[in-house]
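There are 4 protein chains.
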Amino acid sequence: MLTELKREAYEANIALPREGLINLTFGNASAIDRAQGIFAIKPSGVAYADLTAEDMVLIDLDGKQVDGSMRPSSDTPTHRRLFLAFESIGGVVHTHSSHATSFAQAGREIPIFGTTHADYFFGPIPVTRKMTAAEIGDGAYEWETGNVIVERFAALDPADFPAVLVNRHAPFTWGATVAKAVEVAVAVECIAQMALMSLQLEPTLPAIEPELLHKHFKRKHGPGAYYGQTDSGPTC
Amino acid sequence: MLTELKREAYEANIALPREGLINLTFGNASAIDRAQGIFAIKPSGVAYADLTAEDMVLIDLDGKQVDGSMRPSSDTPTHRRLFLAFESIGGVVHTHSSHATSFAQAGREIPIFGTTHADYFFGPIPVTRKMTAAEIGDGAYEWETGNVIVERFAALDPADFPAVLVNRHAPFTWGATVAKAVEVAVAVECIAQMALMSLQLEPTLPAIEPELLHKHFKRKHGPGAYYGQTDSGPTC
Amino acid sequence: MLTELKREAYEANIALPREGLINLTFGNASAIDRAQGIFAIKPSGVAYADLTAEDMVLIDLDGKQVDGSMRPSSDTPTHRRLFLAFESIGGVVHTHSSHATSFAQAGREIPIFGTTHADYFFGPIPVTRKMTAAEIGDGAYEWETGNVIVERFAALDPADFPAVLVNRHAPFTWGATVAKAVEVAVAVECIAQMALMSLQLEPTLPAIEPELLHKHFKRKHGPGAYYGQTDSGPTC
Amino acid sequence: MLTELKREAYEANIALPREGLINLTFGNASAIDRAQGIFAIKPSGVAYADLTAEDMVLIDLDGKQVDGSMRPSSDTPTHRRLFLAFESIGGVVHTHSSHATSFAQAGREIPIFGTTHADYFFGPIPVTRKMTAAEIGDGAYEWETGNVIVERFAALDPADFPAVLVNRHAPFTWGATVAKAVEVAVAVECIAQMALMSLQLEPTLPAIEPELLHKHFKRKHGPGAYYGQTDSGPTC
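Residue numbers (the UniProt record's numbering), protein chains in the order written: chain A, 1 to 236; chain U, 1 to 236; chain Y, 1 to 236; chain G, 1 to 236.
These aren't lab readings, by the way, just hints derived from the structure by calculation. One thing to keep in mind: the hints can contain errors.
If several chains are the same, the list does not tell them apart, and a pair holds so long as it fits within one copy or across any two.
Unchecked claim - Calculated cross-link-like contacts (lysine to any residue; reagent style SDA-like; alpha-carbon spacing at most 20 Å): (1) K215 to D62; (2) K64 to A179; (3) K130 to L205; (4) K64 to I136; (5) K215 to G107.
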């Protein structure tokens, strides 16, 4: 069932340790089939080396497990919340990549200091507010994690800002495909590393100038984009 | 004799350089057979590339070498002290992994800033007091190293805090199995790296909120755990 | 057409991720045939793993594409501007290597603190002024990027300073050959890393003494050089 | 001629990039045959990937090239000076490893903060004074580099301190064999990294306590050593 979707999710999951974004079993990726309203996600706590495409668990948008014998990732409700709220996205990735997570732990957005960042984001990488004790303890912690992300995006377009830092936790990224969400996860980590070092050099460094932000983001996204062979694809 | 135990200890020892936790020959892992009261540990100063499972040295809980032709690790008395004091543990790992050791050298506990840390520890990663000149010089330095760890855990449960930093020295970790102790050693190093970077961003960053600490630790440990396929297994 | 030139450019491009200078598709290298006034450059947005020598795009010094079916790198006008202004260079490399880019984002030159730096540069690694809104938005952004570099070199010899940081952006390097430009890109990244750490140790560290700068640069460059087998070739 | 000596020097040289201590062609290792008063050293500016054992150049203690068709490393006079002054050493290694070089650039000794350091050094890793303009410019720069090292060791035993930082330059290490000098070079780099991070945590961190320094150094060196199988061999 949905063999190709499982394979996409599987490829994204095993890319995470290969790209240095993940240690041990922390992190997960999911891919959605919008026509069927079903997404494929990593099973919980399985070592990446042991994972197969068949292990991917299928979940529908109501949260019902429709295929797979293993428990899905404990973060599944967060993925589901994002797929419901951000209708244009096709994949979600969660990592604890070290530099991005350091910003998340400190509750700091990642300021936008250069064109590498502007190639992917139309401003700073946002951070959520802290979750309340009620949200953490009400039995739907992972769903509420999705809710604070969605709340943070009330006035933001997820296509302009394809990642968020969950306060005290770590980054989530997304994209038109799960492969794109992996690419953004790589970009977020290297953007975070460079922001940290630029701050070490200049603790009060101001953000990139608006014209340069606009230029770099728009040469890669939307009408008038001229980067790459097909008006997609950027980098870090 | 105890071939399987030696193999477990061997696998854990060779995992240490592979995981980037060890340079040269520094570090060691041991696994205990509680029924027989015997543990297997790395021989002293042997290069990891030359190590075989048969090289593992067997020591009983009185400190007597019961098998193996090579000298055991010079840190053997520390391992023995921990096996005696912490009766639920099945393995001990010692590394000089760079970020964790930087905290140990500074005599600083690793503060708990995020969920990655809370997935493994029920609070900050403790640091021992400094050892006295008498403890260092009395001819049982490595045993006394174990004693200051045990002293630090007078009011701590080693299952809630599966690692310690020995002041001026480096981390020791443990777990139900030696494989788990290796996993914790990986986690401690990445937790230390992220704590250092979060402190760079916010030198006065407060600890994680108690509800979030409780939630993350308890979803992976003890009754009510729901992470993984078998209520074990976390990550970083 | 110009098969050997394409191969040189190709080898330089694929060296960039191998040397750890590039993530994803960001960065590019070009090599020029001065006799024909044509340079070979990477196609835009193609993954390094998929690249072949035949994919290299040929561009003449007027900016006309003379061979290749794919679009050239979006940074092609910057390369062309440099080939026109710096007549002695045979190759150009652009990366977003993390430490060098951190200086570029902060708008800081890389100060010269040691002999590693002096082996490659006859002073600090220069940074351009920020680009104006007009230069960014006038439809020739990448050409104007070349212009601010050339402006910065009004009083500098590109042979004495084989790299620049574009403010808010990232480094460009060059050399007699594109292979040499790759070598300089490696050197710039490690020089930047060491400068950042030396600044952490001594925030007001002064530049290297003039005699030592002169000695190290001149033992590797120009008349009297005595390093290597052929009076070229340095390092980091 | 001296095939085995060349092989030892060769193995040490190619270990340097493999251990991450070297980029490009910077760095070199040499091994001496004390009976013959001849040492083998890397040829100048040759890429490590192209190096063979036969390429090693043989030099006698008067500085005369006695074998090999290539020029020796430009740092050969520094190696020779050290072999003449430190009669117990059998090998010398020079790297520009990044963390150690950052201390050298800042003119700072590496303070001794923990047992990893104490396993190798009987105190801080010394730094030379700056070289004078006369020493740099008198035509024997590399020999004078050796002289400032020897001057720094007027009151230090090179067996207790098997490395030095040349001010504004980078580390040199040595040992009873060139393989041991490589091991020390690895240790110096990781000690430097951890010292830098401990200083970030505690800018005024005092040195390790004398008893602990004595204990760790002496359990691995000299009479009464009990580490390893043969009273040699430590780590980081």
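Hints and how they fare:
1. Taking CA atoms no more than 20 Å apart as the test, K215 paired with D62 passes in neither setting, with 40 Å inside one copy and 24 Å between copies.
2. Taking CA atoms no more than 20 Å apart as the test, K64 paired with A179 passes in neither setting, with 24 Å inside one copy and 34 Å between copies.
3. Only between protomers do K130 and L205 lie at most 20 Å apart by alpha-carbon distance; the minimum there is 14 Å, versus 25 Å within a single protomer.
4. Taking the shortest Cα distances, K64 and I136 never come within 20 Å of each other, neither inside one copy (22 Å) nor across copies (50 Å).
5. Proximity of K215 and G107 under a CA criterion of 20 Å is satisfied inter-copy only: 19 Å between copies versus 29 Å inside one chain copy.
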